[in-house]
Amino acid sequence: MNVGKHPQVKSLGVKSDGVDTTGDIIKLAMLAVGGQGGGVLSDWIIDVAESNGYRAQSTSVAGVAQRTGATIYYVEMTPDTGREPVFSLTPAPGDVDIMIAAELMEAGRSILRGFVTPDRTTLIMSSHRILAVSEKMVPGDGRRDSSKVIERAQSAAKKVVAFDMEREALDAGTVISASLFGALAGSGALPFLRESYEETIRAGGRGVDASLAAFGACFEKAASSDGASLPGVQNETSPDKPAPRIEGPSELLDQWNALTARTQQLPDAVQPMALAGLHKVVDYQDVAYGDAYLEQVERAVAADSANRDWKFSTAAAKYVANAMVYDDIIRVADLKLRSARTKRVRDEVGAGKDTILNVTEYFHPRAQEVCGTLPAGLGLFIENRPTLFRLLDRLVNRGRRIRTDSLTGYFSLWVLAALKPVRRRLRRHTVEADHRDKWFAQAMSSCASDYDLGVEVLNCRRLIKGYSDTHARGQSKFDLVMSALDQLAGKSDPASLLRHLREVALAEEGTGSLETELALLRT
Amino acid sequence: MAERSFAKEVQKLKMGEGDIFRGEGILAITKALLENGVGYVGGYQGAPISHLMDVLADAQEILGELGVHFEASASEAAATAMLAASVHYPIRGAVTFKSTVGINVASDALANLSSGGVAGGALIIVGEDYGEGSSIMQERSHAFAMKSQVWLLDPRPNLPSIVKSVKDGFELSEASNTPVMLEVRIRSCHVHGQFEAHDNKKPEMSVADALENPRRDAQRVVLPPAAFQHEQDKITKRLPAAIEFIEKNKLNELFGPDDEKVGIILQGGMYNGVIRALQRLGLADIYGDTKVPLYVMNVTYPLIDSEVTAFCEGKDAVLVVEEGQPNHIEQAIGAILHQAGASTRLVGKGPFPVAGEYTGQVMLDGLRAFLKDHAAGLLSDRDRAPNVPAADVVGNLADVVPMRPPGFCTGCPERPIFAATKLVERELGQHHIASDIGCHLFSVLPPFDIGATTMGFGLGPASASAFNTPDATRRSISFVGDGGFWHNGLTSSIGNAVFNRNDGVIVVVDNYYSAATGGQDILSSRADNRTKSTKHPISEAVKGVGVKWVREIDRTYDVGKMAKTLKEALTTPEKGPKVIVASSECMLNRQRRERPLTNKAIGNGERVVKPRFGVDEDVCTGDHACMRLSGCPSLSVKKLDDPLRDDPVAHIDQSCVGCGNCGEVADAAVLCPSFYRADTIHNPNGLDRFLDRLRKRVIDWMQARRESRQLIFREQ
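Which chain is which? The protein sequence lines are A and B, in order. Sequential numbering of the first sequence, starting at 1, is according to the numbering used here. Sequential numbering of the second sequence, starting at 1, is according to the numbering used here.
These are computed hints drawn from the structure, not numbers from a lab. Just so you know, even glycine gets a beta-carbon here, dropped at the ideal spot from N, CA and C. Relax, there's no trap hidden among the hints.
Interface residues of chain B toward chain A, partial, derived using beta-carbon atoms under 8 Å: (1) Ser188; (2) Arg280; (3) Ser380; (4) Val619; (5) Pro648.
Restricting the straight-line Cα-Cα distance to at most 27 Å, the calculated cross-link-like pairs of lysine-lysine (DSSO-like) are: (6) Lys202(B) with Lys164(B); (7) Lys420(A) with Lys696(B); (8) Lys147(B) with Lys167(B); (9) Lys8(B) with Lys532(B); (10) Lys202(B) with Lys532(B); (11) Lys561(B) with Lys610(B); (12) Lys353(A) with Lys610(B); (13) Lys343(A) with Lys696(B); (14) Lys372(B) with Lys261(B); (15) Lys535(B) with Lys548(B); (16) Lys638(B) with Lys343(A); (17) Lys610(B) with Lys343(A); (18) Lys639(B) with Lys343(A); (19) Lys548(B) with Lys575(B); (20) Lys353(A) with Lys696(B); (21) Lys221(A) with Lys638(B); (22) Lys148(A) with Lys639(B); (23) Lys311(A) with Lys639(B); (24) Lys250(B) with Lys167(B); (25) Lys221(A) with Lys148(A); (26) Lys600(B) with Lys353(A); (27) Lys12(B) with Lys202(B); (28) Lys148(A) with Lys638(B).
Covered stretches of chain A, going by a simulated chain B footprint (3 or more residues, C-beta under 8 Å): (29) 150-156; (30) 332-343.
Construct the entire structure; sequences and hints are all you get.
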């Protein structure tokens, strides 16, 4: 049996003073999403530590976690005294000095796992989000509340360095590991000079300039961070967003100005939504359509009152606009042909002024869409004849790739978009207008007896969105939720029940949970 | 070509006497093999030892110079069978794979190997895939060592100890004519550290020498009556020899005072965790000098009875720190102490959880609880009676932070296969779907939620074999990856289906590599490989074992075709297995291969078309149906600055590789026309430029004409 190389000491009954002896060991953990380059960062950290006369050890859990899952890296270091220190291979809750989180929710996870504690942890986190699949697949809005993490980070850590480090990396043309390295250096949490970090990046030899740029930018930001002021969660709807600039023939502009003047007659609380709605419907169709829109809003206002904060008419302003702007093939063609769209695509792809871009659109029209685009009578005629309808479907139902940068592709959509002036005479419009009228009438009548219920009926319009199958699914959810109105009649708080049903419908793709809820209501 | 190249790192393998080697655990193991005169190495990739195989593959030149034969074995069984080279010849051999799954596969060969015994040192390096980061069922390799009576090393997780254990392992194997398993855990494989190197040694006997001078000894063959003698030999000769070697060479270690009333017996792999807990309790310093005696078992099988009883002598209580279950070591120590009539109290799983990893917190809590009960005098007052728990810093975060399981990478060619499957199920109803091991197993997670079982590598179709009856109208669907196919699937799954006239549908997911383990080449890989024979089509193999209905899809991104083919397989009147070979290159590897070439081509002025996808945010309505058929990391959602919109819309970020899945899915599932593909033409030719000018001129005119006749709302 090998008596270890450590001296045997007589220590019978020597009581510990209870002091953690690892005070000289710096413990650094890192949580990243697989593919973010956590391995590179831990190699850099080891390199900096060793070049500064430290003994350092890093470990990681690679394996399948690399494939987009949450991944953890762990580094310990201590000044080299010539003796081999014994480092831990895993971080322990309450025992981490520096926590680097390469994404906001991963920062949340590190707090959850106890790696961030107020007595000692410097939390270096990028405030950007990489949404989890579970957040993205919800038919409504499945995104988790980022502000809760920011809020917690402040109380959980000794010091927080937080900003969008992904943005800094993208701006510099590199990946987030360089940003995190810069933020780590700038935070001062490690006793090393800036130059030695930069030397490490240079020694790596790949993409050095971009890495150094991101490193530098993040170093400065972290160094000037007082650890107290954190970025709020970015405000998604900026109140000071400039209104769009309106252009067009003067005759149309006059008509437009008359419409906007009418919105100014509306209660103050309704005006912003009504104006946004007006933009949307006029942009979709024409000034006359805007006139029809405002008429509906004015009817809602007439049934509303200031002591309910104009909730009903604000909801009407929002959802009537959305209902009037139903998604049809004419609209898609119209949107895809605009000069603003051309510019947006080029910006998104990062194409320079002279870069040649080929743009392919993915269409899949079915007989439903074709009938909707026919004169109302003819469309109905075909829809009522299954054999004819099937025949038409066989003729048209297939995927079509259309190159909108080519003349033939552009022109074919141009022709479709040219149908805009006659849209009101087409089959789809009749169906949509009829549906909208019924819904609006229902909302008005509900509002008369139960104000909140009226608002919720309007809000149910959120369920209808999309094209083709998606539209059909939304429509059936809408119908299901609205079908509950009869059952709700005798209940105590029908408005919140209806809201609940809508939320259930928005949370999943199918209607399973919704139907269960409805069955419960019936009993 | 593997996902990660070690071309630079393997240069470290040339280090000589006295050089300081700095690097990862697996690289250190490779170096140790060379320093110990290994004659041949093999193995099968899989975390956490995938990189060990990659290092070896990248080090073939160095191996060649030393006359070392390297083989990327077809399976763990093949690797272990290769150790037969050490049965008659005094050649040192080493193989490596992940465990316990690898050792499961290898166990037949392992049992035969250990029965007859070895003349040359035979080392099996198992990457124990247990605890956080593991991708497999949670079991221990320990039981395999016990049942086949091979010795199990579990060195302290630092580079010098791991390197030493390679040397010890070979010598122990030779001294006791028994194969030796060297167990390294996930983190020790990836631990970065340093050790003092020695010169590499050429094997004393090479495989070439052996081939030229064949030997045999029928006594080593597992056949009665020799087999009965083998069992006797194991007990009467090899075990005593092993015990003697382990004792004499002090493979196990003692730390700390020898007169304390308590002590800790631990697996070598637990050493750093135990020391850290002691450090935090103020009972050890940062160099590991401990006030609590430790008996560190760098050999966890066999146990050395005399060492155990000697350590326990005079102690009131000992704690066994043994990760995982069953607690084989604790039970064995209990028997040893009982038979020796010792009065020492044995504590094991009491203060520790029976199941699960010994993380930092578990270790701290376990040690503190043990010491509190049996040596309270050692603990500080604070640890004896801890204060009130720290303030709650976590709050309700658990409700906010989403789970983030692994999933398909950006542009993964397997995504469209499962999108198509989901679409077919929508039309034909739900089916029984059997999954297999590999990246494609991510299909069981959202957004696809496809797959009911996984029964082992290459066994996907075999696991659906019961579902073969004329009484049902619906067929089973099973998946198997190209890795699993060649590992075992061709015989156990495809051959089995042919022979039993299985009527099910089998989808072979072919991404040109053993992708989940890091992109190693396999038989059907399309790449040229200097040392391996590749480009053997899966479809040929399938036809070769008798499958009549075979369809090949050479671009999985064609969701429509994929769905159509799957539907045909499910509905065709033809009997017998229906095999679809769905092939497209692993995007991770493709990008790694193509990106430098593309950039070079652009730099050289060649015409290059680079695709990317985008979403028209004003066309997208925020239903996210596309997400439910994708889950691509580059396809996410964003909130628009528009008060009329409730739900965030789809958005594709700059990480998009333009694989095409989005557009294909939007088409096949009849979603919405908001996706577009934008192809950037780098270094356009004359025709490109002419067409572009012409198109721009006409389109600009048409745009201007239309936009001048209506109201235009220009965002500012």
